[in-house]
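A.B. asks: Residue numbers (the working numbering), protein chains in the order written: chain A, 1 to 246; chain V, 1 to 355.
By construction, these hints were calculated from the structure, which means they are not laboratory data.
Note that beta-carbon positions come from the ideal geometry of N, C-alpha and C, so glycine has one too.
Any given hint might turn out to be false.
[To be verified] Listed next, the stretches of chain V that the computed footprint assigns to chain A, with coverage defined by at least 3 CB atoms under 8 angstroms from CB atoms of chain A:
(1) 162–173
(2) 303–316
(3) 323–330
(4) 340–351
[Said to hold, decoys possible] These stretches of chain A come out as covered by chain V in the derived footprint (C-beta under 8 angstroms, 3 or more residues):
(5) 53–62
(6) 72–86
(7) 131–139
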Amino acid sequence: MRIVADYKHYKQLNEEVFQAVQAGVAELTLEDVNGQRFIADCLTGKLKIDIYGTPGNDLGMFMDGPTVTVFGNAQDGVGNTMSSGKIIIHGDGRDILGHSMRGGKIFVHGDVGYRVGIHMKTYKSNVPIIVAGGHAGDFLGEYMAGGMIIVLGIHNSAKKSEILGDWVATGQHGGAIYVRGNVDESKLGNGASQFPLTADDEIAVKKVLKEYCQVFGLDLESVVDSEFTKIAPLSHRPYAALYTSE
Amino acid sequence: MCSILGIVNENGKLFSANYIIEGISLMNERCNGLGGGFAAYGLYPEYKDYYALHILLKDVELKDQVTEMLKDYVNIYKDEEIETRNVERIPQDYTPWRFFVDVPERYTNDADNYIIDLAMKINSTGGALVISSGKNMGVFKAIGYPDEVAKLYKLDNYKAYMWLAHGRYPTNTRGWWGGAHPFSILDNSIVHNGEITSYGTNKRFLESYGYKCSYFTDSEVLAYLWDLLVRRHKLPIELASEVLAPPFWEQIERMPPERRRIIEALRMTYGPAMVNGPFGIVIANGSGLTGVAGNGTMVGLSDRIKLRPLICARKNDTTFMASEESAIKAVCKNPDNVWAPRAGEPTVAMVNGDV
Numbered sequence: 001m002r003i004v005a006d007y008k009h010y011k012q013l014n015e016e017v018f019q020a021v022q023a024g025v026a027e028l029t030l031e032d033v034n035g036q037r038f039i040a041d042c043l044t045g046k047l048k049i050d051i052y053g054t055p056g057n058d059l060g061m062f063m064d065g066p067t068v069t070v071f072g073n074a075q076d077g078v079g080n081t082m083s084s085g086k087i088i089i090h091g092d093g094r095d096i097l098g099h100s101m102r103g104g105k106i107f108v109h110g111d112v113g114y115r116v117g118i119h120m121k122t123y124k125s126n127v128p129i130i131v132a133g134g135h136a137g138d139f140l141g142e143y144m145a146g147g148m149i150i151v152l153g154i155h156n157s158a159k160k161s162e163i164l165g166d167w168v169a170t171g172q173h174g175g176a177i178y179v180r181g182n183v184d185e186s187k188l189g190n191g192a193s194q195f196p197l198t199a200d201d202e203i204a205v206k207k208v209l210k211e212y213c214q215v216f217g218l219d220l221e222s223v224v225d226s227e228f229t230k231i232a233p234l235s236h237r238p239y240a241a242l243y244t245s246e
Numbered sequence: 001m002c003s004i005l006g007i008v009n010e011n012g013k014l015f016s017a018n019y020i021i022e023g024i025s026l027m028n029e030r031c032n033g034l035g036g037g038f039a040a041y042g043l044y045p046e047y048k049d050y051y052a053l054h055i056l057l058k059d060v061e062l063k064d065q066v067t068e069m070l071k072d073y074v075n076i077y078k079d080e081e082i083e084t085r086n087v088e089r090i091p092q093d094y095t096p097w098r099f100f101v102d103v104p105e106r107y108t109n110d111a112d113n114y115i116i117d118l119a120m121k122i123n124s125t126g127g128a129l130v131i132s133s134g135k136n137m138g139v140f141k142a143i144g145y146p147d148e149v150a151k152l153y154k155l156d157n158y159k160a161y162m163w164l165a166h167g168r169y170p171t172n173t174r175g176w177w178g179g180a181h182p183f184s185i186l187d188n189s190i191v192h193n194g195e196i197t198s199y200g201t202n203k204r205f206l207e208s209y210g211y212k213c214s215y216f217t218d219s220e221v222l223a224y225l226w227d228l229l230v231r232r233h234k235l236p237i238e239l240a241s242e243v244l245a246p247p248f249w250e251q252i253e254r255m256p257p258e259r260r261r262i263i264e265a266l267r268m269t270y271g272p273a274m275v276n277g278p279f280g281i282v283i284a285n286g287s288g289l290t291g292v293a294g295n296g297t298m299v300g301l302s303d304r305i306k307l308r309p310l311i312c313a314r315k316n317d318t319t320f321m322a323s324e325e326s327a328i329k330a331v332c333k334n335p336d337n338v339w340a341p342r343a344g345e346p347t348v349a350m351v352n353g354d355v
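With the rest of the complex left out, here is chain A (with noise of 0.2 angstroms):
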């Protein structure tokens, strides 16, 4: 099903979207977006939403299960608290993409902006992922809890930059980062530290970006075909003595 979202106001976007999904419609594209915010958010179930256009804030908060494909930049707030299902970004990604996320998988195909990845945590089988194919903004993985988030640095849509910002991981405590590449030390934050790759990350960061390359066609191994880095917490507690008194 088709809807041309032109200039509806996002109310008017959402219930209609609600409405065909009540109706039994698992195939919707959307057109003509730009700028209807929480678009796909609360949806359940094996849902295909195609985005042309630039959604607004909040894409696919609180979503269970559909899988969200946006044709163009995304803006902020990406999948916050997410739960599960998978959100394709074919341009870039903003600030605190994958916020709070707690299952599914974001792929970003550019850059993706600051705070991403904020709070994120692994819930017993569900394990949250994101991935970006450019660069990424300070504070990624800040207070991250769990889960996986893998940054590329092959496309680049920034006029300048690093593949990482500053204070990467600050209060850090569980999960991991993988940076294609290497990590100059001063760029991570309090309570996280480099570690060499183990099997189980290899084979885990192969499998996700395996399934990455096929989404954007491109190259596997010419994308693993180089050094990672992990970056993960030094303890699961990394602010225990600043609230305590032991």
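Given the coordinates of chain A, work out where chain V should sit on it, guided by the hints.
C.D. replies: Same frame as chain A, now just chain V:
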């Protein structure tokens, strides 16, 4: 919250207000109808040698009093009511008036500072507010959503080569005509999304240079800081931005020695001018700046840890700076380039120059 948008044509071509109105209106979700405003450059080519004072009068009878006061200090070339129409949701709290003035000959070598002093004097009367005072430019603002304010001021009658727009969501102080953005002094206008926790420090610092804050809102200090740093102290835009959004000391320590010396000197000299708290701002300047060719600049800047959004785009000779990419796409469907500037690093568009 709050929405900001700036559009500038770098060849100085005039374009209709409809673009900026359409773009800013797309972000109405970011504001709540308690303040909207616009700044426009290139408005008064016939009077471009005169300072155009846009003054909000609490009572239309104050007009004679303000006129008398102006006559004491400047020559009034022409004055008229700024045309408005009734808009249902906007209370008619103020009557906007414009005066074209010039400075008496014996003060012309310090005319800009003379006009600032005059604006501050008028602002402190309580009933009249100088909302803009530059040449060939003007600010239009009121309570309301931006599109309502545009309707109020009949902005579709105006053309400009550089526009700023703001939709306000007041969080700490009340919504009123004067508290709407842009804030403007001489040729500088600024729209701001965020809140300035260093307001008290900034305000006291500015008072020591003769600026008086009279709008009961934090964003006002940004206009005066930019005037002080860029016009009076002649800092290049890049260094003025380092003053507002300085790097952290741990970042300064990693800098090459030469740059480190400059940044340390700025932090020591301008500590009280540092703007703390989240901000995304767009600043427009209508005159050529020191060391900068051309007839104007637009600068986009966010706080040093990027607590507010800012997206830039470019199409041919036009540059856009906005809170959200969709606001740009609403008026320019296929930009040549869209990018998110790094925190604390200024994006500069120059009229008759390069980005």
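A.B. asks: How does the segment 340–351 of chain V fare against chain A when you require at least three residues with a CB closer than 8 angstroms, holds or violated?
C.D. replies: This one holds; 3 residues, not fewer than the three required, reach chain A with a Cβ under 8 angstroms.
A.B. asks: State whether the coverage of the segment 303–316 of chain V by chain A holds or is violated, taking the criterion as 3 or more residues with Cβ-Cβ distances under 8 angstroms.
C.D. replies: Per the Cβ count (4), the hint holds.
A.B. asks: Test coverage of the segment 162–173 of chain V by chain A using CB-CB distances below 8 angstroms; three residues minimum.
C.D. replies: violated (count 0)
A.B. asks: If you count the residues of the segment 131–139 of chain A with a beta-carbon closer than 8 angstroms to a beta-carbon of chain V, do you get 3 or more?
C.D. replies: holds (count 3)
A.B. asks: Are 3 or more residues of the segment 72–86 of chain A near chain V, judged by a Cβ distance of less than 8 angstroms?
C.D. replies: Holds, because 3 residues of the segment 72–86 of chain A bring their Cβ atoms closer than 8 angstroms to Cβ atoms of chain V.
A.B. asks: Can you take a look at whether the segment 323–330 of chain V is actually covered by chain A? Rule is 3+ residues, C-beta closer than 8 angstroms.
C.D. replies: Holds: 6 residues of the segment 323–330 of chain V have a Cβ under 8 angstroms from chain A.
A.B. asks: Can you tell me if the segment 53–62 of chain A counts as covered by chain V, using C-beta to C-beta distances under 8 angstroms and a minimum of three residues?
C.D. replies: Coverage by chain V holds here, the residue count being 4 at a Cβ distance below 8 angstroms.
Consistency with the previously given hints fails for number 1 only.
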